[in-house]
Amino acid sequence: MNQYLSFLFCIIGFTSYGQNKVSTTLPKLESYHYEALILINKLRSKNCSCGNQQYSKQKPLAYNKKLEKAAAIHARDLYSRKVLSHIGKNGSKVPDRIKAQGYNWKSYAENVAEGYETIEEVFDAWMKSKGHCKSIMGNYQEFGIFKVNDYWVLDFGIEK
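Mind the numbering: the sequence shown is residues 468 to 627 in this note's numbering, read in order.
Hints are not guaranteed to be accurate.
As the list claims (entries may be wrong) - Here are the computed lysine-lysine pairs in the BS3-like style, where the Cα-Cα straight-line distance is at most 25 angstroms:
1. Lys-627 to Lys-601
2. Lys-627 to Lys-595
3. Lys-532 to Lys-566
4. Lys-595 to Lys-513
5. Lys-526 to Lys-513
6. Lys-532 to Lys-560
7. Lys-524 to Lys-597
8. Lys-513 to Lys-536
9. Lys-549 to Lys-627
10. Lys-524 to Lys-509
11. Lys-566 to Lys-509
12. Lys-556 to Lys-566
13. Lys-509 to Lys-533
14. Lys-526 to Lys-509
15. Lys-566 to Lys-627
16. Lys-524 to Lys-566
17. Lys-627 to Lys-533
18. Lys-601 to Lys-560
19. Lys-556 to Lys-524
20. Lys-549 to Lys-560
21. Lys-536 to Lys-573
22. Lys-573 to Lys-533
23. Lys-601 to Lys-509
24. Lys-560 to Lys-533
25. Lys-560 to Lys-627
26. Lys-526 to Lys-573
27. Lys-524 to Lys-560
28. Lys-549 to Lys-509
Claimed, not checked - Pair by pair, the computed Cβ-Cβ distance ranges are:
29. Met-594 to Gly-555: 21 to 27 angstroms
30. Asn-519 to Asn-571: 29 to 35 angstroms
31. Thr-585 to Val-550: 31 to 37 angstroms
32. Thr-585 to Lys-627: 32 to 38 angstroms
These are computed hints drawn from the structure, not numbers from a lab. Here a beta-carbon is modelled for each residue, glycine too, at the ideal position from N, C-alpha and C.
Using the sequences provided together with the hints, build the complete structure.
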């Protein structure tokens, strides 16, 4: 855990460079949230092929609690209905859910998955899927992730 926190501190320090205000408090996150933060930024730090499209290194993503909350609502819904979809039971779509959490999006994406126990397993599956890989390597600034049992929702965004 200490290695994760040390790495996380380095990420926060690096991404804060050049900004006027630096936060010294970390958001309250579950251990898999920290693991996702480390893993997603490790994946984005290398050149990558998503299907036939090549991606060069991408900037690190920051963790966003609003995107996490939108992901949590959708993950709970998917689990309760035992379905895998980007559409919520009330017909909600990704932009509706993230906006409802106060995230004023400019751009967004969502990955969903079912049947994976660990963060490594779900990210391995997403990286083997052209569309999900594109989301992970896409031009986003933030993400939030949530899981309910083996249902996962990963939301990405850029705010206006």
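Taking the hints in turn, this is what the structure says about them:
In summary, the hint linking Lys-627 to Lys-601 is supported, as the alpha carbons are separated by about 21 angstroms, within the 25 angstroms threshold. Among the hinted pairs, Lys-627 with Lys-595 is inconsistent with the structure: their alpha-carbon atoms are about 30 angstroms apart, more than 25 angstroms. A threshold of 25 angstroms between alpha carbons decides the hint, and for Lys-532 with Lys-566 the separation of about 13 angstroms falls inside it, so the pair holds. A C-alpha spacing of about 15 angstroms is found between Lys-595 and Lys-513, which places the hinted pair at or below 25 angstroms, so the restraint holds.
Among the hinted pairs, Lys-526 with Lys-513 is consistent with the structure: their alpha-carbon atoms are about 10 angstroms apart, no more than 25 angstroms. Between Lys-532 and Lys-560 the CA atoms are separated by roughly 18 angstroms; this keeps the pair inside 25 angstroms, and the hint holds. Using a Cα cut-off of 25 angstroms, the hinted pair Lys-524 and Lys-597 holds, with the two alpha carbons roughly 17 angstroms apart. The suggested pairing of Lys-513 with Lys-536 is violated, with an alpha-carbon distance near 28 angstroms, which exceeds 25 angstroms.
A hinted pair counts as satisfied when its Cα atoms are at most 25 angstroms apart, and Lys-549 with Lys-627 does not qualify at roughly 34 angstroms. Among the hinted pairs, Lys-524 with Lys-509 is consistent with the structure: their alpha-carbon atoms are about 10 angstroms apart, no more than 25 angstroms. Between Lys-566 and Lys-509 the CA atoms are separated by roughly 28 angstroms; this puts the pair beyond 25 angstroms, and the hint is violated. Taking the CA atoms of Lys-556 and Lys-566, the gap is near 17 angstroms; set against the 25 angstroms cutoff, the hint holds.
Between the alpha carbons of Lys-509 and Lys-533 the distance comes to roughly 23 angstroms, so the proposed pair stays at or under 25 angstroms and holds. Restraint check for Lys-526 and Lys-509: the C-alpha separation of about 10 angstroms stays at or below 25 angstroms, so the hint holds. As the CA atoms of Lys-566 and Lys-627 are separated by approximately 12 angstroms, the hinted pair is consistent with the 25 angstroms bound. For the hint linking Lys-524 to Lys-566, the alpha-carbon distance of about 29 angstroms lies beyond 25 angstroms, and the restraint is violated.
A threshold of 25 angstroms between alpha carbons decides the hint, and for Lys-627 with Lys-533 the separation of about 14 angstroms falls inside it, so the pair holds. Taking the CA atoms of Lys-601 and Lys-560, the gap is near 19 angstroms; set against the 25 angstroms cutoff, the hint holds. A distance of roughly 37 angstroms separates the Cα atoms of Lys-556 and Lys-524; the hinted pair therefore is violated under the 25 angstroms criterion. Among the hinted pairs, Lys-549 with Lys-560 is consistent with the structure: their alpha-carbon atoms are about 17 angstroms apart, no more than 25 angstroms.
About 18 angstroms separates the Cα atoms of Lys-536 and Lys-573, which keeps this hinted pair within 25 angstroms; it holds. The suggested pairing of Lys-573 with Lys-533 holds, with an alpha-carbon distance near 14 angstroms, which does not exceed 25 angstroms. With a CA separation close to 15 angstroms, the supplied pair Lys-601 and Lys-509 stays within the 25 angstroms bound. Of the supplied pair hints, the one linking Lys-560 and Lys-533 holds, its CA atoms being roughly 16 angstroms apart against a limit of 25 angstroms.
At most 25 angstroms may separate the alpha-carbon atoms for a hinted pair to count; Lys-560 and Lys-627 meet this at roughly 19 angstroms. Annotation: proposed proximity of Lys-526 to Lys-573 holds, straight-line Cα distance about 17 angstroms (limit 25 angstroms). Straight-line distance between C-alpha atoms of Lys-524 and Lys-560 comes to about 29 angstroms, which puts the hinted pair past the 25 angstroms bound. Under the criterion of a C-alpha separation no larger than 25 angstroms, the hint pairing Lys-549 with Lys-509 is inconsistent with the structure, at around 31 angstroms.
Between Met-594 and Gly-555 the beta carbon distance is about 26 angstroms. The supplied range of 21 to 27 angstroms therefore holds. Between Asn-519 and Asn-571 the Cβ separation comes to about 34 angstroms, which falls inside the hinted range of 29 to 35 angstroms. Take Thr-585 and Val-550: their Cβ atoms lie about 22 angstroms apart, and the range 31 to 37 angstroms is violated. The given range of 32 to 38 angstroms is respected by Thr-585 and Lys-627, whose C-beta atoms sit roughly 34 angstroms from each other.
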